[in-house]
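In terms of the UniProt record's numbering, the sequence shown opens at residue 1 and continues consecutively.
It is possible that part of the hints are untrue.
Below 30 Å or equal to it, Euclidean Cα-Cα: the simulated DSS-like pairs (lysine-lysine) are [claimed, not checked]:
1) LYS185 <-> LYS16
2) LYS91 <-> LYS185
3) LYS224 <-> LYS136
4) LYS224 <-> LYS74
5) LYS74 <-> LYS91
6) LYS74 <-> LYS17
7) LYS185 <-> LYS224
8) LYS91 <-> LYS17
9) LYS17 <-> LYS185
10) LYS185 <-> LYS136
11) LYS91 <-> LYS136
Simulated from the structure, these hints should not be mistaken for laboratory data.
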Amino acid sequence: MAIFVIGDLHLSMDGKKTMEVFPGWEHYMQRLEENWRAAVQPEDLVVLLGDTSWAMSLQETLQDFAFLHTLPGKKLLLKGNHDYWWTTMAKMERFFAEQGWNDFAFLHNNCVMHDGVALCGTRSWMFDASAPQDEKVMARECGRLRMSLQAAGEAEKIVFLHYPPIYPNANAEEVVALLHEYGVKRCFYGHLHGGSIRYAVQGRVDGIEYRLVSADSLRFCPVKI
């Protein structure tokens, strides 16, 4: 019952917005499927850290999630900044149930227990956003992260975020403070692509292990944690 993680798949099975136009993304769907099938077993869990599909509505995600449904393992979905299809938990759960897909779950205002470990997280937000509306979004995301961490109780906590909580010369102070408050030791995040990958903070910082897991940074291979 291993846990794997990968983010930013940017699926577009209808071909309307393929990522293959970007360097490093050539044949990414084939590479992702081959790597996933080689690594993940049916009893495993794969956490997807947002930007899973380019679709604009739930109905438009049908081909993308049908593809993921064919891959082994349970899938735990986190919201990203490009997941415009994301709606209420009730609507998403109903949509997936209607398709008969029982291998998907959502990490949103909750935590998910897997083999005794509490999987916590939220989308988060840009650390340097200073507009009043951005400050409200960050406050809301921190509230969701706190709710997720509180739901974990005394269990070991692993945090998953879409936006990076830490940067070379700054960090999302509110988010990092929550990680320390709740004794989090491992944090995985996505969002960064291409040339930005080289600037990602990875490794142990003040007692917390950080790792970037966007799809292209992992060469489209889910990583076991």
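Status of the hints after comparison with the structure:
1. Straight-line distance between C-alpha atoms of LYS185 and LYS16 comes to about 40 Å, which puts the hinted pair past the 30 Å bound.
2. Restraint check for LYS91 and LYS185: the C-alpha separation of about 33 Å exceeds 30 Å, so the hint is violated.
3. For a cut-off of 30 Å, the pair hint linking LYS224 to LYS136 is broken: about 34 Å separates their Cα positions.
4. Between LYS224 and LYS74 the CA atoms are separated by roughly 14 Å; this keeps the pair inside 30 Å, and the hint holds.
5. Using a Cα cut-off of 30 Å, the hinted pair LYS74 and LYS91 holds, with the two alpha carbons roughly 19 Å apart.
6. Among the hinted pairs, LYS74 with LYS17 is consistent with the structure: their alpha-carbon atoms are about 26 Å apart, no more than 30 Å.
7. Restraint check for LYS185 and LYS224: satisfied, since their Cα atoms lie roughly 16 Å apart, inside the 30 Å limit.
8. For the proposed pair LYS91 and LYS17, the alpha carbon gap of about 25 Å is at most 30 Å, so the pair holds.
9. The straight-line distance between the Cα atoms of LYS17 and LYS185 is roughly 37 Å, outside the 30 Å bound, and the hint therefore fails.
10. Restraint check: the Cα-Cα separation between LYS185 and LYS136 comes to about 27 Å, which is no more than 30 Å; the hinted pair holds.
11. Of the pairs offered as hints, the one joining LYS91 and LYS136 holds, with about 25 Å between alpha carbons and a cut-off of 30 Å not exceeded.
Hint compliance for this structure: hints 1, 2, 3 and 9 are broken, all remaining hints hold.
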